[in-house]
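Protein chains: 2
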Amino acid sequence: MATAVQIAPSARSSSESAGPGVACCAPLARKPLGAEDAVALARTLKALADPARLRLLSLVAAHEGGEACVCDLTEPLGLSQPTVSHHLKVLVEAGLLTRDKRGVWAYYALVPGALDSLAGVLTTC
Amino acid sequence: MATAVQIAPSARSSSESAGPGVACCAPLARKPLGAEDAVALARTLKALADPARLRLLSLVAAHEGGEACVCDLTEPLGLSQPTVSHHLKVLVEAGLLTRDKRGVWAYYALVPGALDSLAGVLTTC
DNA sequence: GGTCGGCATCGATGAACGTCGATGCCACCC
DNA sequence: GGGTGGCATCGACGTTCATCGATGCCGACC
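Top to bottom, those sequences are chains A and B.
In case it helps, the working numbering puts the first sequence at residues 64 to 188.
In case it helps, the working numbering puts the second sequence at residues 64 to 188.
There's no promise every hint is true.
All copies of an identical chain are treated as equivalent in the list; a pair is satisfied when it fits inside any one copy or across any two copies.
Okay, derived cross-link-like pairs now, DSSO-like style, lysine-lysine, Cα gap no bigger than 30 Å in a straight line [as the list claims (entries may be wrong)]: (1) K152 / K109; (2) K94 / K152; (3) K164 / K94; (4) K94 / K109; (5) K152 / K164.
Since the hints were made in silico from the structure, they are not lab data.
Could you put the whole structure together from the sequences, leaning on the hints where they help?
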């Protein structure tokens, strides 16, 4: 269901790398991007390319403790609760957020290196 | 058409300074993103969030001289010429590519600091 | 002048997406 | 046990998007 979208396409012939590898330099502007890598990268970017989801990420990151529950996010966005839940699910499936259900509340937090990995791919180093 | 949304007004290959407080850190993860800023950022990201456009950027950047014409890009993508033209237009309107028509050919090239500005916004510094 | 070729635009079509109300599920409290 | 409240899922609706064939525009060449 949740296809694990790896951001770093330069995992080939690499000794380490277990998760979303933080490749130092996998610049999109260095060599032609393969078709599959392009699809994977586009899938992650598509999860980001929405005003509501960008603000959700920002709100979660800026919230105290680095995490927030749905009830904290519905009001500042001006969207209904099902819509916010939907966007959060998209972000979780893209590997950008984590979901931690504690009791009745579901707390969302940023995945530590996710945004930076994305930034690294875009950087024309 | 209000596609004049730019991320950073750095028209030239910046080297230092940059008077206005843009540049170094406008991290999405630092403070809540405003609604308008979110829309503008999402518009740029949406231009990137497509496999064909990602490969186009990559092909243009990796091409000799840093520029390429449509005829160079149609074949490796496996898309029709109108489709490629459409994607290139989207990238130009997003401020990621420049179009330079010389004679019959139209040459596309990367906008120097565009991708790096985007990366800077995403980076959780 | 006439022809050729590269590229942009137009119109149409099918798929994907954002949004919401209604509903279901589950933990907690009286 | 019964009620309450937070959250996810479902179904539906309107909009946006990617793609293509056909066509128009314009510079280059004979």
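Each hint, compared with the structure:
1. K152 / K109: Both: 13 Å inside a chain and 19 Å across chains, each within 30 Å.
2. K94 / K152: Between copies, since 22 Å is at most 30 Å while 33 Å is not.
3. K164 / K94: Between. Shortest inter-copy distance 24 Å satisfies the 30 Å Cα cut-off; intra-copy 42 Å does not.
4. K94 / K109: Answer is both: 22 Å inside a copy and 22 Å across each meet the 30 Å cutoff.
5. K152 / K164: Classified as within: same-chain Cα gap 13 Å, cross-chain 44 Å, threshold 30 Å.
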